[in-house]
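Undergrad: Take a look at the letters that make up each chain.
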Amino acid sequence: MKIDRRSFLSLGIGAAAGTMLSPLPWKITDDLSIWSQNWPWTPVPEDGEITYTSSICTLCPAGCGISVRKIGDRVVKIEGLKESPVNSGGICVLGLSGPQLLYSPLRIQAPLKRKGKRGEDQWETISWKDAVFEMAKKLGDLRSQGKPQTVAAISGQRYGSTAGLLKRLLTAYGSPNFFHVPSMEDTYEQVLQTMGNVDGMAGFDIEHSDYVLSFGSGILDGWGSPVRMFRAHSQLKQKNGKLIQIEARLSNTASKADRWVPINPGTEGDLALGFAYVIIQELLYKREWADKDPQGFEQFKNFVVNGFRPDSVSSITGVDTGIIIALAREFASASRPLAISGKGQGDVPGALAEFAAVYALNALVGNLNKPGGIWAMPAPDYIQWPTLTPDDVAKAGLDQPRLDGAKGSEKPLLNRFAQKVADGYPLEVLLISGANPAYTLPDTQGIKAALDKIPFIVSFSSFMDETARVSDLILPQPMYLERYEDVPCSPGFSKTYLGLSKPVVRPLLHTRNTGDVILDLANAMGDPIKGAFPWENYEACLKQTLGSRWEALTQKAAMVDEKAAGTLVQKFKFSLAPLQVNLSENAKKESDFPLKLIPFDSMRLANDAVISPPFMMKIVDDTILKGKDGFVEINPVTAKGLKLSEGKKALLTTPKGQATVRVHLFEGIKPGVIAMSRGLGHETPSDRFAGGKGININALIGSMEDPVSGLDATWGIQAKLAKI
Amino acid sequence: MKKGRNLQKANKFGMVIDLDKCTGCGSCMVACMSENNVPFKEDESNKLVSITWMKVFKISNKEPYPDTKECYLPRPCMHCEGQHSGHSPCVSVCPATATDYDSATGIVSQIYTRCFGCRYCMGACPYHARYFNWWDPVWPAGMEQSLSPNVSPRMRGIVEKCTFCFHRYQLAKEKAFIKGETEIKEEAYQSACTQACPAGAITFGDLNNPDHKVYQMVLPDDNHHGKPRNPHAFRILERLGTNPKVYYTTRQLWVRKAVDYYAENESPAPGNHG
Amino acid sequence: MSIEEDNAKKGSTHADESPAESHHKDEDGPISQYGGPIIFYFLIGLIASLVVGWVIFPQLLYSKKHQPFDFSHKLHMEEVDNGCESCHFFREDGTFSGAPKLAQCIGCHEDMQGVSEDEAEFVEEHVAKNREVPWLIYAKQPDCVFFSHAAHVVSAKMECATCHGEMGESDHLKIYEENRISGYSRDIWGKNIAGLKHNTWDRMKMDDCAECHLKETGRTSSIQTEKDGCMVCHK
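Protein chains in written order, with the numbering used here: chain P, 1 to 724; chain H, 1 to 274; chain U, 1 to 235.
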């Protein structure tokens, strides 16, 4: 039939009318609106059973209890464990970001062996069997050549079974070169030995103090056990206690303190002795302590009175004489005063003299072994493995001089690592567990050069961090949520603490617990080393080690022994040796480098072996990092003199290196002092969130050996800033 | 009388933040992001487009060295009630009925499927509490496994904001139903930020319930649009009349003065109607 | 053809036509000449589009999918003690387990209970290998929806059948008809393409929930809609 225009139109109108009268357009509209909200790239998280598992977070040494929420098999949230004696339900940003580490695409999935040259980032995946075999062969060869001492290990942990197994391996093998990464705990230990006559760890009963005098300790910036310190500080505020923060920069701690006392960096020890002067002269000290060691006290008194008058201390430290006197009086007349040292998060061991001076202050006000004061905590002793009798080869190796020149003593002088290797100490193999020395140790260039000289480096890292990148073999450890680990103590805690971190999910990747790898290695190397490790696997070892505690720990995650504090009594002795060091000498101004560059720690950036996950990078202030540019904080007065304005680029130079930075004008910093955040400047190109952003301040700072302790006493470095 | 619930007084969930305890650590920010599937980008240094439902502001007394002081101020969504029930600035302007005020709980909800991203609400909010998804959220391969099914992930073009974790309220109600309980206990419904805060600076609860801590800390005056009767408690931009549900306490006078507008001779001292 | 010419034509042939015809032509004008075809095409368009809209469209819109196994609710209801709750249960925290996971089936199906090929495949491929069965969920709602079974079953004491129909009495799992555009089951909009329903379990769209909510609770806590608050059902 012929259809003309009108017919066609009426057909169309009919169709339109019919369509309108049918559900088609209405249904399609409804369906399209739903379709437009269901793009395939918007994830729809699967639902499932909600479970909570208690464990311990091991991302930092604090040992906070965590409650891990899972939906089915997936970890969706980490929350603080309410019952934990350490954190009472609170949790820090790193702990909260645990799922981002667990599920990160950057995790190393299987053992890797280097292809090509170091730093070229070329790897081939090998099997665990092959990896262990290769290591066993290498180590076996060295031992048969009579060179077991050329194998060294750096462990991020000092106590605990993993560190214990690594150390045991080295001992059975015949190397004295086991190093844990030192921190303020090592300095405190030495102070307690020298001036407290006791072998223990320092515990601070901050919960019962009413006046805290902090010499740069980042009480609210991650010092000690961070969440525990936060709670203690809230308690302090609640009962109208006082916090005095002495440091060059207005940190978060200083901003919450009742008083911020700006000071020249490196002169904190002098200030402490200035306080001691006032306390002694005005007879504000507790007699019972002076009477415990009257001779020593006399010596100490003379030392202080002759060298640390408030006005001379004032010119050294930059703190007003009146303030020195007032604070000393306030401190001594508080009912439960407590002085704390260890700058920032306490990652740098610090100057022994400074710690000793602060410890002496505590002794003067009589708070040693008292509630609200300092306690000597026994070191963890639950690891009671069968005695190890090294064979002759091992004995010979153990007798050899140690890399750091120290012998027999516990303290690792890792700050000498770069120099000693450069000087030719023969290291053939370096094992690194739970640490990232190529990033965290000062004098990055020196460290890298030293690592370059070591023929064979093995990293147990879970991520491709700076140290892993220059390794030859990577044996990835599972994340803490996938494995068992004992948590031996909580730094600065005045109670003995033992926790058990347990697996919450099955291992996602082809990783292997470092403890198991060490046992595999011992097995592969045969007797006598094999004989030193009578356990089938790491879990069995841990179960046996914890003995009857295992059951309780799998239920409650942690145990606390409140009575342990007080089992070690500090017998104070006014020892002068640690105090008679004038570190301020090193702080003298150099005309070439008129400024002082200090690092600062914050809760929002991880500055040790863990690299900040995306959540943490997200909350970093734009006055610390903008795009890829790191900032340096500078007082506006100083900036004006250098013609630097807010946000502009500048060239930062120190005797150790140079970097382009942006400048942030900050009233909260002493004129002449500039500050840069730790935790940035990671050389991890595969990490788009944290890699290549900002500057690693360790590349600009060297280490400064303490003349008495031998540990790194650096507080920063001299620097200069020039407009670009 | 209809079947169901609602024989008891309506809830009014609110928060009290002790600025003297807040250390600026950012746990509240990350706890919120982790709990609520908040996206993250490779570069988050442009804070104007960084999505932070809970954001810790740093305010300064602007004095020169050495008298400089700083204070950290966590700011979630204020869940404003406005002068007449439900006249929150954002609810009043939404053209899509995507945001709504629920008078049974006092929560301002954001329904992502209705929002078409006009951002009128963002302009209306005086607290900058609302955030826009300029781009589609992208989770690095594998990290989508940590997404919670209790909060719907958003796509681009959607405004989002703090919800006082009302998905936890939904779950708390389910638990109450199965246990045969009629009321939600204070501990049963706590927002993620409150739970995470290591300093214990945040308190969350029902402002209508005299047994809840938030009520006792603030003593809200129902006859004056929730103004706190406790002289040490205050709300940000009180004078705008938004009637927010987040109260702050501090002993520092300069902080109180920084969060509202005052004439030269006025002072936000306790007792003053500042 | 111009109107004058037309009228002239009409006028000239006036005497030849019947009064009815000429009357018809005069009143309806030129359209009347085409009346038939226009109405005819209109009707064709109308009827065709109605058929497309009401009959063909529903056929095309939905794809028919089969469940992995043809599960018989009736058979299993005879075997269990607690009715629906034997496999679709509430957890301790009040959340609902939904479609059963292997953990519920293994209680009985560790070994073969019957002789069917289907069950053999189930035991070998799924139970033995610990692989969850990818059931297609009829009542699946979009991600924006929060539905609390506890609120409806425990608190409001509703019957499962009110929303899900008499699933428990079915011998077979019905074909899963998936909407090709939205991706959801036909059960959500309803079998009737116009969205008309006879029973409460015919549809599961927001308006159906709201209808019941209004009738049963009378809540008006939403400031915008004066009905139930949005956050009661959304997340």
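Just so you know, these hints were derived from the structure itself, not from any lab.
Among the clues, some could well be false.
Subject to a maximum C-alpha distance of 16 angstroms in a straight line, what follows is the list of computed EDC-like cross-link-like pairs (lysine to aspartate or glutamate) [as the list claims (entries may be wrong)]:
| # | chain 1 | residue 1 | chain 2 | residue 2 |
| --- | --- | --- | --- | --- |
| 1 | H | Lys175 | U | Glu211 |
| 2 | H | Lys62 | P | Glu667 |
| 3 | H | Lys58 | P | Asp399 |
| 4 | U | Lys64 | U | Glu79 |
| 5 | H | Lys47 | H | Asp20 |
| 6 | P | Lys113 | P | Asp141 |
| 7 | U | Lys140 | P | Glu536 |
| 8 | U | Lys140 | P | Asp621 |
| 9 | H | Lys41 | P | Glu667 |
| 10 | H | Lys58 | P | Glu120 |
Reference excerpt, derived from the structure (chain P facing chain H, CB under 7 angstroms, subset only) [stated by the list, open to error]:
| # | residue |
| --- | --- |
| 11 | Leu32 |
| 12 | Ser36 |
| 13 | Leu220 |
| 14 | Phe230 |
Every residue, glycine too, gets a C-beta built ideally from N, C-alpha and C.
Undergrad: Once the shortest beta carbon distance from Leu220/P to chain H is found, is it less than 7 angstroms?
TA: Constraint on Leu220/P satisfied, holds at 4 angstroms.
Undergrad: With the threshold set at 16 angstroms, check whether the alpha-carbon distance from Lys140/U to Glu536/P stays at or below it.
TA: Since the Cα atoms of Lys140/U and Glu536/P sit roughly 49 angstroms apart, the hinted pair is violated (cutoff 16 angstroms).
Undergrad: Quick check on Ser36/P please, does its C-beta sit within 7 angstroms of some C-beta on chain H?
TA: It is violated, given that the least Cβ distance between Ser36/P and chain H is near 9 angstroms, above 7 angstroms.
Undergrad: Within 16 angstroms, alpha carbon to alpha carbon, are Lys58/H and Asp399/P?
TA: The given pair, whose Cα atoms are some 56 angstroms apart, is violated under the 16 angstroms limit.
Undergrad: Quickly compare the C-alpha distance for Lys175/H and Glu211/U to 16 angstroms and report which way the hint goes.
TA: Outside the cut-off at roughly 25 angstroms; violated.
Undergrad: Has the given pair, Lys140/U with Asp621/P, been kept, meaning a C-alpha gap of at most 16 angstroms?
TA: 43 angstroms, violated
Undergrad: Can Phe230/P be said to touch chain H, with a Cβ gap under 7 angstroms?
TA: 4 angstroms, holds
Undergrad: Decide if the proposed pair is consistent with the structure: Lys41/H and Glu667/P, CA atoms, cutoff 16 angstroms inclusive.
TA: 31 angstroms, violated
Undergrad: For a C-alpha distance cap of 16 angstroms, please report whether Lys62/H and Glu667/P respect it.
TA: Answer holds: Lys62/H to Glu667/P is near 8 angstroms, not above 16 angstroms.
Undergrad: Lys113/P and Asp141/P: Cα distance at most 16 angstroms?
TA: 19 angstroms, violated
Undergrad: Given a cut of 7 angstroms on the nearest C-beta pair, is the interface hint for Leu32/P held or broken against chain H?
TA: 13 angstroms, violated
Undergrad: Decide if the proposed pair is consistent with the structure: Lys64/U and Glu79/U, CA atoms, cutoff 16 angstroms inclusive.
TA: 30 angstroms, violated
Checked against the numbered hints given earlier, the structure breaks hints 1, 3, 4, 5, 6, 7, 8, 9, 10, 11, 12 and satisfies all the rest.
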